[in-house]
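> Could you build the full structure based on these sequences and the hints that come with them?
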Amino acid sequence: MKHLAAIFLFLAATAIADDKVWSAVVLASNPAKGTAPKAPPAELAPFAARLNKVFGYQQFEILGSATKAMDDQKERWLVPSQNFWVGALARREGAGYLLNLEFYHDKRRIVETEAKLGLDSPLFVRGPMHERGQLIVVFEVRK
Amino acid sequence: MNNSEPTLTKLEETLTAYLDGKLSPAEAAVFEAAHPEVAAERRQHEQLRAALAKEAPALSHGDFFNHQILREISPAPAPLAVKRTAFPLWRLAVGAAACLLAAAGIFFTFVGPQKSRNSDYFAQVLSVKAGDPDITAQLVEAGGVAVVWIDGLDALPTNYVLE
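Chains A and B, in that order, give the protein sequences.
Okay, so the first sequence: first residue is 1 according to the numbering used here, each after it adds one.
Okay, so the second sequence: first residue is 1 according to the numbering used here, each after it adds one.
Hints are all accurate, no fakes.
Cross-link-like lysine-lysine pairs, in silico, DSS-like; alpha carbons within 30 angstroms at most: (1) Lys116/A to Lys20/A; (2) Lys129/B to Lys68/A; (3) Lys68/A to Lys107/A; (4) Lys20/A to Lys74/A; (5) Lys20/A to Lys38/A; (6) Lys68/A to Lys20/A; (7) Lys143/A to Lys38/A; (8) Lys116/A to Lys74/A; (9) Lys22/B to Lys10/B; (10) Lys107/A to Lys129/B; (11) Lys53/A to Lys20/A; (12) Lys116/A to Lys53/A; (13) Lys129/B to Lys116/A; (14) Lys74/A to Lys107/A; (15) Lys129/B to Lys20/A; (16) Lys116/A to Lys68/A; (17) Lys129/B to Lys74/A; (18) Lys53/A to Lys129/B; (19) Lys143/A to Lys116/A; (20) Lys143/A to Lys129/B; (21) Lys22/B to Lys54/B.
The following label-pair restraints were derived from C-beta to C-beta distances: (22) Ala93/B to Ala69/A: 33 to 43 angstroms; (23) Ala96/B to Lys74/A: 38 to 48 angstroms; (24) Gly56/A to Leu100/B: 42 to 52 angstroms; (25) Gly87/A to Pro88/B: 55 to 65 angstroms; (26) Glu131/A to Asp134/B: 16 to 26 angstroms.
So, partial list: chain B residues that the calculated Cβ filter (under 8 angstroms) puts toward chain A: (27) Val128; (28) Gly131; (29) Ala137; (30) Ala146; (31) Asp154; (32) Ala155; (33) Thr158; (34) Tyr160.
To be clear, the hints were calculated from the coordinates, so they are not data collected in a lab.
Being a predicted model, the structure only gives us computed values, none of them experimental.
Every residue gets a Cβ at the ideal spot worked out from N, C-alpha and C, and that includes glycine.
This is the structure in structure tokens:
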């Protein structure tokens with residue numbers, strides 16, 4: 001029985017150590033007239049239909065992304081593109097994470113939020129518009 | 001040579017034949033004259049037998065009663081010996097529960113989170129605060145995803161390079 005408990009503790013510790021935070025800057029746009037929309041990237045494919053409903057765009061393109069290993073009580077800075085940064089302070093809570101997130105555009109802090117996120121459950125932030133479409137910043141905890 | 005079967009005396013043979021009705025009337029008469037007490041007992045016995053045959057109720061389920069009587073008088077079966085096994089039931093149950101627990105732990109550790117990608121979306125925004133007084137930020141939960149919706153941001157200039 002002690003051996004069994006030790007195995008579970010080891011597996012749980014391994015699972016926490018393997019978690020990562022991922023952030024991406026996404027350009028949402030519509031295809032040119034007469035052309036089919038581009039297939040979404042694999043990272044966004046499960047959410048493409050829902051993003052289409054929320055934002056009204058048919059195609060989604062990742063402009064840049066960044067991944068860092070999760071570590072409790074240490075703030076992580078992710079730079080998915082040269083112009084967008086995300087500061088993340090994560091704390092394990094239940095099956096997911098309690099996160100304090102700060103989103104920056106260039107040197108301007110645009111929003112600060114506290115959220116509970118499960119694994120593979122991204123949070124989307126509607127950023128500024130660009131002539132090519134809508135910019136969206138994505139933040140996700142993943143294995 | 002020793003014969004174990006008891007031998008009947010002449011009197012006993014005659015008495016047995018008399019009671020069985022095997023003697024001729026003449027022989028029976030001679031026997032009754034010699035042993036009147038036996039003759040009297042025989043008559044009483046025959047009277048009693050006739051009375052019982054007349055008064056006794058008819059047995060309609062003889063086979064059933066015979067079966068019941070035989071069952072009652074047959075020796076009871078010996079109790080089965082209790083065998084001690086190396087793996088009693090409670091040990092097997094505890095072992096099975098431990099296996100199920102281990103399987104569930106492995107499943108949720110290695111398989112569960114991957115399966116949840118499509119079905120178990122969980123994002124709960126507790127607070128949203130705009131970082132600039134010129135912009136507003138609010139939570140929009142629509143279409144099954146959580147979106148922090150920011151208004152008031154200037155559109156990026158035409159020559160802004162996305163990278």
